[in-house]
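Visitor: Protein chains in written order, with my numbering: chain A, 1 to 296; chain B, 1 to 258.
It is possible that some hints are incorrect.
[To be verified] Heads up, incomplete: computed chain A residues facing chain B, CB under 8 Å, no partners named:
#1 F75
#2 V112
#3 L146
#4 K176
#5 E179
#6 E181
Because the hints were derived from the structure by calculation, they are not lab data. Since the model is a prediction, treat every value here as computed from it, not as a measurement. Using N, Cα and C, we set each Cβ at its ideal position, and we do this for glycine too.
Here is what each chain is made of, one letter per residue.
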Amino acid sequence: MKTNRAFVLLGVLLLVVCTGLAASLDRWFMGWQGNRAKNFNPLNVAIGDGQKIFAGQFYRKADVYFHSGMYPSIFDNNASFKTAHIGEDAGATGSKNQGDEANYLGKSHDIVEQFSRNFFPSHHTHLDEGGVAGELGDKSDVREILPWLKIAQELDPEEPLTYTVTAYWLRSRMNKPHEAERLLREGLKALPDHPALQFELGRIYFENQKDSARARNIWEHAVKSWQKQEGVKADPDTFILEQILTHLAKLEEEAGNLPLAISYWEQAKVYARKPDVIQQRIDELAPRKLVPNGPP
Amino acid sequence: MKNSFAVAQLVILEMYRRKDFYVLYFLTVLITGLMGSVNFFNDPKVARYLKEICLALIWICGAFIAIATTARQIPAERESRTIFPLMAKPITRGQVLFGKFLGCWVATCLCLVAFYLFFGIVAAAKEHDWPVGIYFQAWSLHCVMLGVVIGMTLLGSLVLSSVAANITLSVVITAGILFVGRHLNKVAAQMSETAGAMVSGLYYAIPHLELFDVRDLIVHNWPLIGWSIWGIAVVYALVYAGMLVLASWLVFRRKSFQ
Chain A
1 MKTNRAFVLL
11 GVLLLVVCTG
21 LAASLDRWFM
31 GWQGNRAKNF
41 NPLNVAIGDG
51 QKIFAGQFYR
61 KADVYFHSGM
71 YPSIFDNNAS
81 FKTAHIGEDA
91 GATGSKNQGD
101 EANYLGKSHD
111 IVEQFSRNFF
121 PSHHTHLDEG
131 GVAGELGDKS
141 DVREILPWLK
151 IAQELDPEEP
161 LTYTVTAYWL
171 RSRMNKPHEA
181 ERLLREGLKA
191 LPDHPALQFE
201 LGRIYFENQK
211 DSARARNIWE
221 HAVKSWQKQE
231 GVKADPDTFI
241 LEQILTHLAK
251 LEEEAGNLPL
261 AISYWEQAKV
271 YARKPDVIQQ
281 RIDELAPRKL
291 VPNGPP
Chain B
1 MKNSFAVAQL
11 VILEMYRRKD
21 FYVLYFLTVL
31 ITGLMGSVNF
41 FNDPKVARYL
51 KEICLALIWI
61 CGAFIAIATT
71 ARQIPAERES
81 RTIFPLMAKP
91 ITRGQVLFGK
101 FLGCWVATCL
111 CLVAFYLFFG
121 IVAAAKEHDW
131 PVGIYFQAWS
141 LHCVMLGVVI
151 GMTLLGSLVL
161 SSVAANITLS
171 VVITAGILFV
181 GRHLNKVAAQ
191 MSETAGAMVS
201 GLYYAIPHLE
211 LFDVRDLIVH
221 NWPLIGWSIW
231 GIAVVYALVY
241 AGMLVLASWL
251 VFRRKSFQ
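With the sequences and hints as input, model every part of the structure.
Guide: This is the structure in structure tokens:
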């Protein structure tokens with residue numbers, strides 16, 4: 001009996017010592033400079049920045065869903081899938097894609113390969129165009145990409161592309177501008193004053209809420225943010241600046257501020273991939289600038 | 001045949017009594033239920049991720065049940081020495097072996113019925129649709145694919161020294177074929193002539209288990225596979241399974257149990 005009691009007491013003593021040691025070690029760990037964990041998330045503590053690799057995989061997974069499972073493997077020709085189509089179609093990033101995206105499989109090499117194509121998705125489709133059912137399909141099926149984008153965002157909260165792409169599909173195809181705005185504001189907490197996030201936020205006000213004044217303020221601020229963050233770099237990312245300036249120009253056109261609109265078009269032309277198209281627009285607007293309240 | 005059915009019945013009864021299936025089924029239901037309760041941007045119609053997770057769990061559980069059940073059949077009989085009274089009965093070694101194969105296969109297929117029924121309920125709850133045809137195709141293709149895996153594991157249980165080695169090798173080969181089997185011809189095309197010929201030979205020799213993995217078609221609501229194509233695939237798997245059982249019999253009939 002006495003022996004049992006001694007064992008129980010010893011067990012309790014060990015438990016108390018272990019708990020105390022764990023508590024003191026945890027306090028020391030959280031203050032330690034080599035600590036990679038920014039919070040108490042066990043995944044963050046375990047793999048740290050490795051999460052970003054997984055985040056990239058989940059972002060790709062969302063693109064796989066966008067194509068209803070039809071996607072090249074590492075063994076296939078993926079030249080037409082270098083940039084995820086969810087990002088490209090959302091206008092959130094420039095495209096590096098080349099070649100025929102519908103025929104990346106090419107001609108089948110043998111009878112086994114030809115036969116196997118009946119057992120996996122082998123036709124190119126986009127969920128926002130109706131997916132597998134084509135024109136008859138439900139275009140809001142694009143919602144299916146959201147879980148993977150959400151996981152990608154949780155794993156790498158400092159990747160702006162995940163926020164802008166998710167926000168685009170939420171507001172444009174699922175009619176959920178409030179959820180998109182909430183997501184972007186969450187993103188702006190992780191990436192303060194990021195021009196791409198501000199640009200997308202401005203689009204919500206301009207295109208969904210029809211609040212031009214607020215959109216203008218946000219986009220003007222986005223231009224300043226871009227100059228602060230990207231303007232100082234040797235090789236700045238001009239894609240987003242061109243987008244902001246183009247949208248600002250359109251906003252001013254709608255508001256009837258043609259001189260300002262032309263000024264924005266002129267700035268956008270410097271960074272544009274097709275400056276002649278922008279010049280054409282400037283040439284159209286220039287005569288109207290002289291006529292106050294002229295036709296749009 | 002009657003003797004083989006009797007042996008098969010015993011294997012099914014053994015599976016019914018063991019806890020493996022119940023634990024795996026409970027885990028599948030639990031994980032799918034937990035994943036289904038996650039809210040993504042206040043949209044309750046998001047379904048495909050859940051279907052994919054559920055099917056992945058079904059495939060893992062199916063493979064585990066098939067391989068673990070088959071791998072221990074003959075070694076367990078030898079260890080417990082029940083193989084001797086079994087052989088003393090008026091039953092041939094071929095009948096015992098076929099009975100074991102049939103029992104493992106039918107038991108696994110019955111487990112898959114329960115799993116796919118659960119999957120159907122989950123998918124119907126989210127998508128309000130019950131495409132029985134494609135579910136039947138997926139279940140039947142999954143069953144015949146596991147028939148090949150069971151045949152392979154049965155052969156392994158006769159030629160390999162331990163159950164653990166057999167399970168490990170069966171898992172590695174099955175996973176290897178599922179992940180890269182489809183691409184071996186593309187890899188061969190990039191290699192030198194000799195190495196390429198070897199890889200190409202391997203490509204034609206292996207049972208293409210990946211053909212039977214139609215999860216992407218179900219997850220993304222693709223239409224039915226043509227029934228003639230489905231029929232060819234079923235025959236292809238049955239032929240491979242038959243060849244593996246035949247190879248097992250050739251080993252088993254000369255095997256000494258002393």
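Visitor: Against each hint, give a clear statement of whether it holds in the structure.
Guide: Hints versus structure:
Look at F75/A: its Cβ gets to within about 4 Å of chain B, closer than 8 Å, so that hint holds up. At a threshold of 8 Å, the smallest CB-CB gap from V112/A to chain B is about 6 Å, leaving the interface hint in force. At its closest, the beta carbon of L146/A sits 5 Å from a beta carbon of chain B; the interface hint therefore holds under the 8 Å criterion. Restraint check, K176/A versus chain B: the minimum CB separation of about 6 Å is within 8 Å; hint holds.
For E179/A, the shortest C-beta to C-beta distance to chain B is roughly 5 Å, which falls under 8 Å, so the interface hint holds. With 8 Å as the threshold, the beta carbon of E181/A stays out of range of chain B, its nearest partner Cβ sitting at about 12 Å, so the hint is violated.
Violated hint for the displayed structure: number 6, the only one.
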